[in-house]
Amino acid sequence: MKRRHFLQTTAAATVLPTLLGGLPIGAYGFSPELFDITGGATQTDRVLVLIQLNGGNDGLNMIIPTDQYSALMNARADIAIPQNQVLPLSVNTGIHPAMAGIKNLYENGQIGVVQAVGYPNANYSHFRATDIWTSGSDSNVTITSGWAGRYLNGEYADYPNGYPSTANPDPLAISIGSVVSNCVQGPSVNMGMAIASTSSFYQLLSGGVDAAPNTPAGHELTFIRQVIAQTQVYTTAIQTAARRATNLSPLYPTAGQNALADQLKIVAQLVAGGLQTRIYVCNLGGFDTHSAQVPTTGSTTTGTHATLLGKISQALEVFQDDVRRLNVQDRVVGMTFSEFGRRIKANSSKGTDHGAAAPLIVFGTSVNPVLHGTNPVLPANAGVNDQVPMQFDFRAIYASILKDWFKVTQTTINELLPSSTSPFPYVPVIRPGVVNGTASAAKTNVAGFSVYPNPVRDRATVEFTGEGGHVQVLVYDAVGREVVRLLDRTLSRGPHKIPLDVSQLAAGSYYCHVQEGPRVSSRLLVVL
Amino acid sequence: MNRRAFLNKPATTLAAPITAVLARPAIGIDDPPADDETISRFANTSLPTEPRSLAGISLYTGSWGYAQAAHLLRRCLFGPTRAEINTAASQTLAEVVDRLLTAPAAPAPPLNVSATDTSVPQGQTWVTEPFNQTFEGARRSSLRAWWMGQLVGQGTSLSEKMTLFWHNHFVIELGDINDARYGYQYCALLRQHALGNIRQLTEEVTVAPAMLRYLNGNQSTANAPNENYGRELLELFTVGKGPLIGPVNYTNYTEADVQAAAKVLTGWRDNTTTIAGYYTASRHNTTTKQFSAAFQNATIANLGDQEYKALIALIFAQQETAKFLCRKLYRWFVYYVIDATTEAEVIEPLARLLVANNYNVAPVLRTLLSSEHFYDAVNMGCVIKSPLDFTVGTCRQLQMVFPAASNLVAQYGMWDYLNSSTNVQQQYLGDPPNVAGWPAYWQTPQYYEMWINAVTLPRRNQLTDLFISTNGYSRNGANIKINVIDLVLSLPPATAADPNLLIAELAQLLLPITLTANQLTYLNDTLLPGLPDFEWTVEWQQYLAAPTNTTRKAAVETKLRALLRTMMGLAEYHLS
Numbered sequence: 052m053k054r055r056h057f058l059q060t061t062a063a064a065t066v067l068p069t070l071l072g073g074l075p076i077g078a079y080g081f082s083p084e085l086f087d088i089t090g091g092a093t094q095t096d097r098v099l100v101l102i103q104l105n106g107g108n109d110g111l112n113m114i115i116p117t118d119q120y121s122a123l124m125n126a127r128a129d130i131a132i133p134q135n136q137v138l139p140l141s142v143n144t145g146i147h148p149a150m151a152g153i154k155n156l157y158e159n160g161q162i163g164v165v166q167a168v169g170y171p172n173a174n175y176s177h178f179r180a181t182d183i184w185t186s187g188s189d190s191n192v193t194i195t196s197g198w199a200g201r202y203l204n205g206e207y208a209d210y211p212n213g214y215p216s217t218a219n220p221d222p223l224a225i226s227i228g229s230v231v232s233n234c235v236q237g238p239s240v241n242m243g244m245a246i247a248s249t250s251s252f253y254q255l256l257s258g259g260v261d262a263a264p265n266t267p268a269g270h271e272l273t274f275i276r277q278v279i280a281q282t283q284v285y286t287t288a289i290q291t292a293a294r295r296a297t298n299l300s301p302l303y304p305t306a307g308q309n310a311l312a313d314q315l316k317i318v319a320q321l322v323a324g325g326l327q328t329r330i331y332v333c334n335l336g337g338f339d340t341h342s343a344q345v346p347t348t349g350s351t352t353t354g355t356h357a358t359l360l361g362k363i364s365q366a367l368e369v370f371q372d373d374v375r376r377l378n379v380q381d382r383v384v385g386m387t388f389s390e391f392g393r394r395i396k397a398n399s400s401k402g403t404d405h406g407a408a409a410p411l412i413v414f415g416t417s418v419n420p421v422l423h424g425t426n427p428v429l430p431a432n433a434g435v436n437d438q439v440p441m442q443f444d445f446r447a448i449y450a451s452i453l454k455d456w457f458k459v460t461q462t463t464i465n466e467l468l469p470s471s472t473s474p475f476p477y478v479p480v481i482r483p484g485v486v487n488g489t490a491s492a493a494k495t496n497v498a499g500f501s502v503y504p505n506p507v508r509d510r511a512t513v514e515f516t517g518e519g520g521h522v523q524v525l526v527y528d529a530v531g532r533e534v535v536r537l538l539d540r541t542l543s544r545g546p547h548k549i550p551l552d553v554s555q556l557a558a559g560s561y562y563c564h565v566q567e568g569p570r571v572s573s574r575l576l577v578v579l
Numbered sequence: 002m003n004r005r006a007f008l009n010k011p012a013t014t015l016a017a018p019i020t021a022v023l024a025r026p027a028i029g030i031d032d033p034p035a036d037d038e039t040i041s042r043f044a045n046t047s048l049p050t051e052p053r054s055l056a057g058i059s060l061y062t063g064s065w066g067y068a069q070a071a072h073l074l075r076r077c078l079f080g081p082t083r084a085e086i087n088t089a090a091s092q093t094l095a096e097v098v099d100r101l102l103t104a105p106a107a108p109a110p111p112l113n114v115s116a117t118d119t120s121v122p123q124g125q126t127w128v129t130e131p132f133n134q135t136f137e138g139a140r141r142s143s144l145r146a147w148w149m150g151q152l153v154g155q156g157t158s159l160s161e162k163m164t165l166f167w168h169n170h171f172v173i174e175l176g177d178i179n180d181a182r183y184g185y186q187y188c189a190l191l192r193q194h195a196l197g198n199i200r201q202l203t204e205e206v207t208v209a210p211a212m213l214r215y216l217n218g219n220q221s222t223a224n225a226p227n228e229n230y231g232r233e234l235l236e237l238f239t240v241g242k243g244p245l246i247g248p249v250n251y252t253n254y255t256e257a258d259v260q261a262a263a264k265v266l267t268g269w270r271d272n273t274t275t276i277a278g279y280y281t282a283s284r285h286n287t288t289t290k291q292f293s294a295a296f297q298n299a300t301i302a303n304l305g306d307q308e309y310k311a312l313i314a315l316i317f318a319q320q321e322t323a324k325f326l327c328r329k330l331y332r333w334f335v336y337y338v339i340d341a342t343t344e345a346e347v348i349e350p351l352a353r354l355l356v357a358n359n360y361n362v363a364p365v366l367r368t369l370l371s372s373e374h375f376y377d378a379v380n381m382g383c384v385i386k387s388p389l390d391f392t393v394g395t396c397r398q399l400q401m402v403f404p405a406a407s408n409l410v411a412q413y414g415m416w417d418y419l420n421s422s423t424n425v426q427q428q429y430l431g432d433p434p435n436v437a438g439w440p441a442y443w444q445t446p447q448y449y450e451m452w453i454n455a456v457t458l459p460r461r462n463q464l465t466d467l468f469i470s471t472n473g474y475s476r477n478g479a480n481i482k483i484n485v486i487d488l489v490l491s492l493p494p495a496t497a498a499d500p501n502l503l504i505a506e507l508a509q510l511l512l513p514i515t516l517t518a519n520q521l522t523y524l525n526d527t528l529l530p531g532l533p534d535f536e537w538t539v540e541w542q543q544y545l546a547a548p549t550n551t552t553r554k555a556a557v558e559t560k561l562r563a564l565l566r567t568m569m570g571l572a573e574y575h576l577s
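Protein sequence lines, in the order shown, are assigned to chains H and S.
Quick note: to get my numbering, add 51 to the position in the first sequence (first position is 1).
Quick note: to get my numbering, add 1 to the position in the second sequence (first position is 1).
Because the hints were derived from the structure by calculation, they are not lab data.
Please note that a few of the clues may not be correct.
To be verified - Chain H is nowhere near these chain S residues, computed Cβ spacing over 10 Å in every case:
id	residue
1	208
2	536
3	559
4	560
Unchecked claim - Below, a sample of chain S positions facing chain H; criterion: calculated Cβ distance under 10 Å:
id	residue
5	545
6	548
7	549
8	573
The beta-carbon is built from N, C-alpha and C at its ideal position, and this holds for glycine as well.
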């Protein structure tokens, strides 16, 4: 057997923290010239980012049916968000106030919400339900491979034999976190490379290994770790991509504060660096909120679940900002998923127990920025066994993404997602203009829009290119209140720079919103 | 054949390539790790300088518990099971060492499991049948598999670890001697004396047919003594080579001593019918052999077929012989760095003990394995597992179930598979790479680091990945794999149901180094991605409540597999 076969099998199948000697990325600024020379400008491949929310996300407190508040309050008065604090997405549907960033992205055409996603015969075991979601199986069928892994296996049938190669030098999938996600488990080997943690990613770039004690055992441990790093076949590809691009958004939180933002930061860097990896899997844990998902005293808009949703919101917002600045935003879409939603009725511990269907979020400039489906219909007085009924099978979302984003044929989709209920109905989660090629995502945005400096202390500049119509430039605070109306009149066609005085605004997050006719764009603005 | 061909190669090529490799830039896509890498670019370029123990060989009086028992058994067995460690921890150190030094009864000989060897029916032994080249391959596989079976099925005894020690010491290569019956006789001899008298073993090995053939003793005649065995006897098997202090003078012996020893050893041949060495007076050099000052200018007059014993007695009268043997034992059981303190406080007293006990090895092993030095924390976890330790240890520690003796073909087939696995990891029972044994025990300054390189490490990972996979490995209709559910069911129920206790229990079984808090968190996240601890308890209890529910079983099985695969992928798992 060829030794390379062993190597690749190992790289794919074994989770090992990685590293290897190389130049630290700090030595390289982002250089468009270098980018072009190295071929980064020619990437046209599409990227899918899967965000696994471990534990079972309480969808009813994330996407909120504002038309059914009495039923909601009957079921979960202890934990429900006060109606007047819900941020509206539409007339009847709102979003948790911790997700102002998501609302902003939604209004900016970069978020879609799919209501009540689940599958027949819901399973309430974390492990089993996770296996169902990652494998794409029917509830009563065990499939050991992952849905995305089967897709990749079809595309790269011989993997890992002969990989990496000149044609395919990069990992087919990358999962960031302690487990190589089962999503990308192929029929025989995992199709993904695992990056154990964000810190091991930076260790990989810098060529360090974990510190070991100054003992003989520590000496041998360091030696073995170095060899482990050496045998990660994709180390060089990752280092090369990371050297080609530097994250450009200034909005990233300090490392360690938002695990999801930290992971997505790596994704943005690698995508922009030209890595041809098609699928990234990130994850955020802690959604198993059986108790104290809201504080014992104080507002239900704060606490454990609010913090988690706030992290998602912040992470997606900064990620979208970064991929826009890196000029790769139209290549990337993503979706969140969780193994299940939670019960309609709260328990007596200010928490919720394992449930069934829940909404999921799709994001990116290429997604269809609408609410798919309708609000779940809640019983007037939900009992402990009442569940949110399924409206969309989760595999319908997978199938539609495969079809519209990766151009997979229906026949292949049927093979990839075997089910007693297949074929699954089509859900237009990708923007129709992207699917049929008639309109790029850019046409829905205001051209050349930026706000700088950002973060800003006193005075910023709002810049955009107008089409010669009526333009509004508004600043909203984090909960959606208008705080500045900078501009509300007709402007000439062409570039404009409008000074924005923020000295009267309290420090915090705001949204600067520019609209001209059907085009709208908005940016998170951080005032110091 | 020149069995030294390999021996000199690393010594001459090591220094230069290592330097060259280190000077190379980080590998690129077009420059993957060389397919033929035999020494890692990260291996020692000089001996490590981390602090070593100052303790000597006085009786260990510190606490005795799981950690100490595990340390002892890791070094003395091929992967101690949890039950073995717990039993040892519940006994006294003296009781455990007594048990380790008790040799089990000699195992029944290897059996024929092939259709090729028609000399005997399947299930019967071939070891006394006439030689037949057509059957040799099948018999050699049978012998090798049988030997592997002894390792996998070992009891709490040093017998197998010491048998392998002697194999690495008194090397023969089955591929060279080309007679599996000789090979079996050699194995039986090593096992018989594994915990016994070194001088007697040396005597018997000297005239064993396998050794006579391997080092050309069978071609050594009165007028044309073949120096091969005489040289290795001195250089590798007994007194050892010291610094070159004069022309052809290696301190502990000279070239003249090699020639004199070769003359002493003339006259012996191997008999393929009796499977024994035999003496022919007419081939023996009857002159009086003159030894150098290294041997106090001793002479050995003609003693016929007893003369080789006089030579061995002369060699074993040298204190250097005892020191050489004790250093080798030390590198086998403790660590490869022997600094001045270790030499003075451990090697020299052990050598005196060996001499005082007339070269019986058991008292030396007892003292070393009961010493303050052995249980010094700095001596724990610093041995890199050999491929046999790694492979057999995985099978044993993770309680893999092998086919029963009632299905011999399947049973030998699995043992044979393990041999092929260790072979690609660069250790093959019965065939060390050359007469010096595996370089991990002599090649300075790399020593144990010789085992791990860009070729062998992925092979180790591939093996554990296979064993932890859903399907495991199948051959002859039988299957071996790590049954994670059974493994966890064998733990106390409260441990199995608590994710952190479970991880801690598996860690102290599988890893000789205490993990950091970060590592434990990482493992917890592997078992329970993003979930609170109690969810493991819930899922595990749900499985226990309905153990035949395949869905529930699959749910916990998947997670346990992920956990164990991660643990076996840790660098720590390669340490002993």
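Beyond 10 Å on every Cβ pair: is that true for residue 559 (chain S) relative to chain H?
violated (6 Å)
Closer than 10 Å between Cβ atoms is the bar; does residue 545 (chain S) clear it against chain H? Give me holds or violated.
Check failed: Cβ of residue 545 (chain S) comes no nearer than 14 Å to chain H, outside 10 Å.
Consistency of the no-contact label for residue 208 (chain S), given chain H and a CB cut of 10 Å
At roughly 40 Å from the nearest Cβ of chain H, residue 208 (chain S) sits farther out than 10 Å, so the non-interface label holds.
Does the no-contact call for residue 536 (chain S) survive, Cβ to all of chain H over 10 Å?
violated (5 Å)
Is the interface hint satisfied for residue 573 (chain S)? The criterion is a beta-carbon contact with chain H at less than 10 Å.
holds (7 Å)
Residue 560 (chain S) non-interfacial with respect to chain H [C-beta, more than 10 Å]:
Non-interface label fails for residue 560 (chain S): nearest chain H Cβ at 6 Å, not farther than 10 Å.
Interface hint for residue 549 (chain S), Cβ within 10 Å of any Cβ on chain H:
violated (15 Å)
Does the nearest C-beta of chain H fall within a distance shorter than 10 Å of the C-beta of residue 548 (chain S)?
violated (15 Å)
Taken one by one, the earlier hints fail for this structure at numbers 2, 3, 4, 5, 6, 7, listed in ascending order.
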